[in-house]
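Participant: Residue numbers (the working numbering), protein chains in the order written: chain A, 1 to 212; chain B, 1 to 327.
Because the hints were derived from the structure by calculation, they are not lab data. The reader is advised that the hints may include incorrect statements.
[What the hints assert, rightly or not] Over 10 Å on every C-beta distance to chain A, these chain B residues come out as not near it, computed from the model:
1. K230
2. N282
3. R306
[Said to hold, decoys possible] Restricting the straight-line Cα-Cα distance to at most 25 Å, the calculated cross-link-like pairs of lysine-lysine (BS3-like) are:
4. A:K34 / A:K93
5. A:K64 / A:K211
6. B:K267 / A:K208
7. B:K242 / B:K297
8. A:K205 / B:K297
9. A:K211 / B:K267
10. B:K297 / A:K206
11. A:K64 / B:K267
12. A:K212 / B:K297
13. B:K107 / A:K208
14. A:K208 / B:K108
[Said to hold, decoys possible] Stretch by stretch, here's where chain A covers chain B in the computed footprint (C-beta under 8 Å, at least three residues):
15. 16-29
16. 168-179
Virtual Cβ for every residue (Gly too), placed ideally from N, Cα, C.
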Amino acid sequence: MFPNLFHIALTEEGFISFSVRSNENRSDQYFFTKEDILPALDDDPTDGEWSGSEVFSMKRQPNKGAVRIYSQGHTVQWLVGRQEIEILNAQLKALCEEATVGLERPETVVIHSDFKKVTNRDMLSSNEMLREIRTIIREELNKCILALEAPSVLRKMDEEKQSKQKTIIKPQETFIPSHLADGLEGTMSIQGSEHKSLNALEAAKKLKEIKK
Amino acid sequence: MSVGLDVGTMNLVAARQGDGGEIGTKRVRDAFLDLPASSKKLLKLSGADFVERDDQLLIVGDAAMEMAVMFNREARRPLQKGLVSSQDLDSLEIVAYMIKSILGEPKKAGECCYYSIPASPIDNADRDVIYHKRLFERILTDAGYTPISGNEAMAIIYSQTASENFSGLALSFGSGMTNIALSNLSIECLSFSLEHGGDWIDQGAARSIGATASAMCAAKEEGFDLLSPKNRVEEALSFYYKELVEYVLDNVAREFQSRNLSMSIRKPLPIIISGGTSLAGNFVEFFAEVFDKKADKFPFEVSEIRHADDPLNAVAIGLLIQAMQEE
């Protein structure tokens with residue numbers, strides 16, 4: 001079981017695996033394509049709007065954030081702290097660079113259960129043991145179904161399907177006049193200065209490295 | 001090629017990298033004065049720069065502040081408490097003109113321009129940061145640039161904390177607002193703004209001694225030592241400076257704790273002080289004295305408190321760094 005609420009990784013096929021810890025003993029694993037995730041990244045924290053695709057969207061606000069997933073006919077939403085959402089955004093951004101383009105998303109959700117917390121198996125009744133075994137078999141079957149589905153979804157989406165993919169468009173809230181400065185002519189004094197050091201260039205290089 | 005633009009209540013600053021790698025900055029005071037057309041002769045005789053609009057003459061930038069005294073008027077400021085108002089179309093036109101003047105023509109079609117926006121103020125939820133952001137997006141698009149907004153205080157992190165791997169607490173003491181950002185390894189952990197800055201100090205000090213805010217601003221800009229005020233005006237200014245610093249520190253601590261960030265900050269971080277309001281004499285030492293009294297209750301360990309290299313240009317240069325790292 002991973003330590004944080006979210007855990008993301010890249011699958012061998014190039015899907016982005018997104019696991020969410022539902023409780024102490026369970027995590028739900030979803031699979032997304034690069035195209036599902038990209039529209040949600042770098043959401044504007046000041047607009048209070050959801051950004052993203054139909055299946056994955058995020059909302060960053062000044063003090064908090066939220067993640068929304070649509071899967072198997074229903075929507076699940078998690079409210080998180082601002083820092084968690086920033087870290088998630090950065091991790092997803094990095095994974096998207098490596099994820100495969102043009103895959104079709106499997107709807108499958110894999111439920112993982114962790115039984116390490118049970119201290120003494122000998123103490124369990126036979127009914128409890130049977131329940132455990134059923135859960136493990138169900139989990140393994142789910143994995144098998146995913147493994148069977150994966151090859152069939154490893155085909156490129158055609159351009160028509162790509163164009164059908166909807167992203168949430170934010171509304172223009174206030175009228176903003178255009179060409180505001182066009183009617184003005186004249187002169188004004190401007191103070192200029194030059195900084196000879198190359199610190200800015202070095203800082204930009206370092207920032208690029210860290211963001212990678 | 002790209003450019004950084006700091007949109008401040010007191011100054012507009014553009015930063016651009018030259019062909020030899022040097023960084024050039026251009027600054028103009030974010031203020032104007034409107035005069036009747038009959039003043040044209042007088043302005044020509046005095047050699048003052050002015051802009052014409054319909055039947056009005058406008059003195060724009062630093063000269064507006066000087067001329068305001070001559071005409072016994074208050075210079076107008078397009079931004080109030082860090083943001084523009086959609087109601088004041090005159091001001092919007094002039095701020096657009098000033099931005100076009102300091103940026104000049106784009107070096108190539110659609111050149112990238114990172115411009116600063118404040119974080120949402122936590123002490124006034126009604127302020128419209130979105131309108132502010134969209135307006136500057138429109139002005140820059142009309143000028144031929146591709147606009148990208150960037151957090152003002154994070155820009156200070158980018159320009160001042162490369163040696164700490166872009167980790168630190170940046171406090172931008174501006175004229176209209178104080179902007180705050182906490183960054184850990186370039187990830188923004190916390191950012192917010194407070195609607196208190198240099199203007200609030202001027203107004204508070206003016207009220208307390210029966211003077212005008214402009215007079216307080218002039219006294220402040222003449223230069224005075226915060227640690228040893230010499231008269232009642234300076235004492236009043238020092239008093240409000242201390243109130244502002246305490247207000248900022250208390251809010252940083254409260255926001256940090258309310259967002260439960262203690263687990264993510266494990267190493268001591270520097271505090272970087274910037275902005276025009278921090279140019280008062282001995283501001284950093286004054287800040288450190290106030291901080292020392294609160295240090296034991298401050299939610300994380302501070303490695304040092306230091307002034308930005310160039311407090312008036314640090315935001316514009318930080319935005320330029322953001323733009324350069326994406327090229």
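Participant: Are A:K64 and A:K211 close enough, with their CA atoms no more than 25 Å apart?
Facilitator: holds, 22 Å
Participant: Given the hinted pair A:K208 and B:K108, is their alpha-carbon gap at most 25 Å?
Facilitator: holds, 23 Å
Participant: For the pair supplied as a hint, A:K205 and B:K297, is the alpha-carbon distance within the 25 Å limit?
Facilitator: Violated - the C-alpha atoms of B:K297 and A:K205 are around 37 Å apart, more than 25 Å.
Participant: Could you grab the alpha-carbon distance between B:K297 and A:K206 and see if it respects the 25 Å cut-off?
Facilitator: Outside the cut-off at roughly 33 Å; violated.
Participant: According to a criterion of three or more residues whose C-beta lies within less than 8 Å of a C-beta of chain A, is the stretch 168-179 of chain B covered?
Facilitator: violated (count 0)
Participant: In terms of beta carbon proximity below 8 Å, does the stretch 16-29 of chain B have 3 or more residues touching chain A?
Facilitator: This one holds; 10 residues, not fewer than the three required, reach chain A with a Cβ under 8 Å.
Participant: Run the distance test for A:K212 versus B:K297: straight-line Cα separation, threshold 25 Å.
Facilitator: violated, 36 Å
Participant: Does A:K34 pair with A:K93 here, judged by a C-alpha cut-off of 25 Å?
Facilitator: holds, 10 Å
Participant: Just to be careful, I want the Cα atoms of B:K242 and B:K297 compared with a cutoff of 25 Å; is the pair within it?
Facilitator: Holds, because 18 Å separates the two Cα atoms, which is no more than 25 Å.
Participant: Has the given pair, B:K267 with A:K208, been kept, meaning a C-alpha gap of at most 25 Å?
Facilitator: holds, 22 Å
Participant: Does B:N282 sit more than 10 Å from chain A, CB to CB?
Facilitator: holds, 24 Å
Participant: Does B:K230 clear chain A by more than 10 Å, comparing its Cβ with all Cβ atoms of that chain?
Facilitator: holds, 29 Å
In summary, the structure is inconsistent with hints 8, 10, 12 and 16 from the numbered list given earlier, while agreeing with the others.
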